[in-house]
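So you can see what is in the structure, the chains are spelled out below.
There are 2 protein chains.
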Amino acid sequence: MYSLSEAQALIQNHIDNIKFPEEPPELYDPVKYILSIGGKRIRPALVLLACDMFAGSVDSALHPATAIEIFHNFTLVHDDIMDKSELRRGKETVHIKWDNNIGILSGDVMSILASRFLNNSPGAVLRSVHDIFTTTAVQVCEGQQLDMNFEKRITVTEDEYIRMIELKTAVLIAASLKIGGMLGGASERDANELYHFGKALGIAFQLQDDLLDTYGNPKLFGKKPGMDIVDNKKTMLLIKALEDADEIQKKQLLQWLEAEDFDPEEKVKDVIQIFDSLNIREKIESRINELYETALEHLTKLNRPDDRKTELFAFAAYLMKREQ
Amino acid sequence: MYSLSEAQALIQNHIDNIKFPEEPPELYDPVKYILSIGGKRIRPALVLLACDMFAGSVDSALHPATAIEIFHNFTLVHDDIMDKSELRRGKETVHIKWDNNIGILSGDVMSILASRFLNNSPGAVLRSVHDIFTTTAVQVCEGQQLDMNFEKRITVTEDEYIRMIELKTAVLIAASLKIGGMLGGASERDANELYHFGKALGIAFQLQDDLLDTYGNPKLFGKKPGMDIVDNKKTMLLIKALEDADEIQKKQLLQWLEAEDFDPEEKVKDVIQIFDSLNIREKIESRINELYETALEHLTKLNRPDDRKTELFAFAAYLMKREQ
Chain H
1 MYSLSEAQAL
11 IQNHIDNIKF
21 PEEPPELYDP
31 VKYILSIGGK
41 RIRPALVLLA
51 CDMFAGSVDS
61 ALHPATAIEI
71 FHNFTLVHDD
81 IMDKSELRRG
91 KETVHIKWDN
101 NIGILSGDVM
111 SILASRFLNN
121 SPGAVLRSVH
131 DIFTTTAVQV
141 CEGQQLDMNF
151 EKRITVTEDE
161 YIRMIELKTA
171 VLIAASLKIG
181 GMLGGASERD
191 ANELYHFGKA
201 LGIAFQLQDD
211 LLDTYGNPKL
221 FGKKPGMDIV
231 DNKKTMLLIK
241 ALEDADEIQK
251 KQLLQWLEAE
261 DFDPEEKVKD
271 VIQIFDSLNI
281 REKIESRINE
291 LYETALEHLT
301 KLNRPDDRKT
311 ELFAFAAYLM
321 KREQ
Chain Z
1 MYSLSEAQAL
11 IQNHIDNIKF
21 PEEPPELYDP
31 VKYILSIGGK
41 RIRPALVLLA
51 CDMFAGSVDS
61 ALHPATAIEI
71 FHNFTLVHDD
81 IMDKSELRRG
91 KETVHIKWDN
101 NIGILSGDVM
111 SILASRFLNN
121 SPGAVLRSVH
131 DIFTTTAVQV
141 CEGQQLDMNF
151 EKRITVTEDE
161 YIRMIELKTA
171 VLIAASLKIG
181 GMLGGASERD
191 ANELYHFGKA
201 LGIAFQLQDD
211 LLDTYGNPKL
221 FGKKPGMDIV
231 DNKKTMLLIK
241 ALEDADEIQK
251 KQLLQWLEAE
261 DFDPEEKVKD
271 VIQIFDSLNI
281 REKIESRINE
291 LYETALEHLT
301 KLNRPDDRKT
311 ELFAFAAYLM
321 KREQ
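From first to last, the protein sequence lines are chains H and Z.
The working numbering puts the first sequence at residues 1 to 324.
The working numbering puts the second sequence at residues 1 to 324.
For the record, the hints were derived by calculation from the structure and aren't laboratory data.
Here the structure is a predicted model, which is why all the values come from computation and not from measurement.
Backbone N, C-alpha and C fix where the C-beta goes; we use that ideal spot for every residue, glycine too.
Incorrect hints may have been included.
To be verified - Some chain H residues close to chain Z (C-beta under 7 angstroms, calculated; not the full set):
id : residue
1  : R116
2  : V138
3  : Q139
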């Protein structure tokens with residue numbers, strides 16, 4: 001059995017050795033660039049781990065895992081254009097380093113290359129793997145559209161937000177596990193347990209990301225805390241706070257949301273104070289724990305010996321404890 | 001055997017009956033819009049005709065044909081963003097009717113939906129069909145990149161231009177025919193003859209498009225003639241003229257290319273005069289005829305009875321005579 005870090009190293013090595021065409025460089029240089037500036041390779045590593053769990057080998061999963069990572073990076077390139085983001089993994093985004101057209105077209109070719117890599121799946125599961133992948137990829141687009149829609153709205157409900165992060169983030173983690181399982185020969189039932197394990201974990205991960213931005217230890221989290229608050233980002237914290245706030249708290253929050261000239265530190269401090277008075281952190285932690293438990297239940301139900309599940313249990317624990 | 005117009009009607013009906021999701025409307029309305037504003041459905045009709053030629057039925061080809069048409073429309077949506085085009089088929093382009101982000105994301109989802117429709121191909125050819133499709137789709141992106149590169153260059157060689165239109169236009173026509181043939185059960189050899197038939201015809205078609213813009217009968221061609229000249233578009237006419245021109249003619253052409261304030265009618269008249277003195281029209285017509293002959297040779301070599309080839313011969317004649 002491979003460990004998570006072994007699977008990450010394996011897929012990293014595989015990606016490093018892809019021979020992309022040289023011409024035209026305007027098309028392929030951005031592809032090589034975005035794949036070279038890092039990323040934890042979590043999704044493709046999960047394809048490998050899930051496959052390994054059933055097959056005791058990951059050979060059939062290397063190309064499909066690469067497909068998932070290329071697809072994920074395609075979404076980053078296009079999302080960065082749409083969100084006008086200038087930095088990704090601490091480096092210039094593709095559309096900043098080159099331009100918007102190059103970002104659009106190199107993203108397009110990555111989306112197709114993903115499908116091309118996926119087409120190396122074994123014949124017995126080829127159609128199902130393409131089906132899960134395209135269904136998931138469509139959902140990721142739906143999630144990005146919802147995310148953009150929410151930016152323009154004042155209020156978003158908790159359920160709407162959960163559905164958005166499910167589509168934008170969780171289903172691709174879920175599909176990575178399911179596809180890995182199927183490549184390893186998992187039954188449909190087991191493949192679906194893997195999917196639901198991944199989906200619950202993916203939502204929990206995104207909620208935890210929201211929490212960490214505000215409450216994370218900056219030394220461990222690696223980002224300046226409170227940026228979501230400064231940027232008025234519609235995180236689960238803000239959504240839940242607006243939902244639970246009394247009239248006075250709601251007015252205070254809306255004032256901060258509308259403020260144009262402000263001291264960022266004061267805004268962060270003040271908004272956190274409102275969050276704290278509403279026990280937002282505890283409420284979201286409890287939601288995360290529920291999702292974590294749900295994920296573990298699905299993994300427990302999986303029809304494999306316990307020693308085959310070790311790496312995925314370890315992965316779930318690692319995801320949930322990344323702050324500490 | 002279906003005729004071209006019957007195949008077009010069949011695929012149109014199939015596209016009209018696709019049930020796209022309703023939510024989020026910002027994502028799917030543009031997809032429905034671009035598919036509803038027309039287009040001749042040539043590529044998917046060719047999938048059907050090529051399939052029909054071998055199988056005597058087009059049932060297995062309807063979904064893959066739809067895939068090709070959705071993919072083609074995805075490239076139009078993204079190309080229009082990159083080229084800043086405001087009109088497509090006489091209607092507002094997606095990024096003008098909505099905005100750039102919606103154009104990017106709805107294009108993305110169409111590219112994935114194309115792959116999804118393609119995944120309904122019969123098991124025996126599923127992997128090959130995906131392979132041809134993704135190879136071709138990657139080439140279409142390469143062609144678009146070359147086209148954008150050429151816009152920024154002063155000189156482009158004839159060979160470079162032919163390679164660009166081969167990638168941007170011809171290979172998708174070629175792949176439509178090849179995929180159709182394979183769905184109908186064609187041998188690899190016959191499928192490749194179809195491919196080369198389509199590729200030669202596709203290049204000829206694009207060259208003819210260049211000719212028609214300048215020399216077409218405006219009543220029949222449906223566009224104001226000479227627009228390519230006004231816009232300094234790098235067509236085969238301009239490329240060949242710059243190649244064949246003597247020093248004086250070249251200087252005249254370059255003056256027109258650099259002119260900022262000019263009378264469009266005078267520019268068109270003057271440039272056509274240079275083209276005419278260099279016999280550009282005849283030279284390109286002769287190239288088109290060579291390509292047309294090459295296309296017909298491939299169709300002739302195809303291992304099918306003549307009465308099975310009638311529709312594709314008719315299609316080739318139709319494409320080559322669309323001005324008259």
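Tested hints:
1. For R116 of chain H, the shortest C-beta to C-beta distance to chain Z is roughly 4 angstroms, which falls under 7 angstroms, so the interface hint holds.
2. A distance limit of 7 angstroms between C-beta atoms decides the matter here; for V138 of chain H the minimum to chain Z is near 5 angstroms, and the interface restraint holds.
3. Because the closest C-beta pair between Q139 of chain H and chain Z is about 10 angstroms apart, greater than 7 angstroms, the hint is violated.
The structure is inconsistent with hint 3 alone, although it conforms to all the rest.
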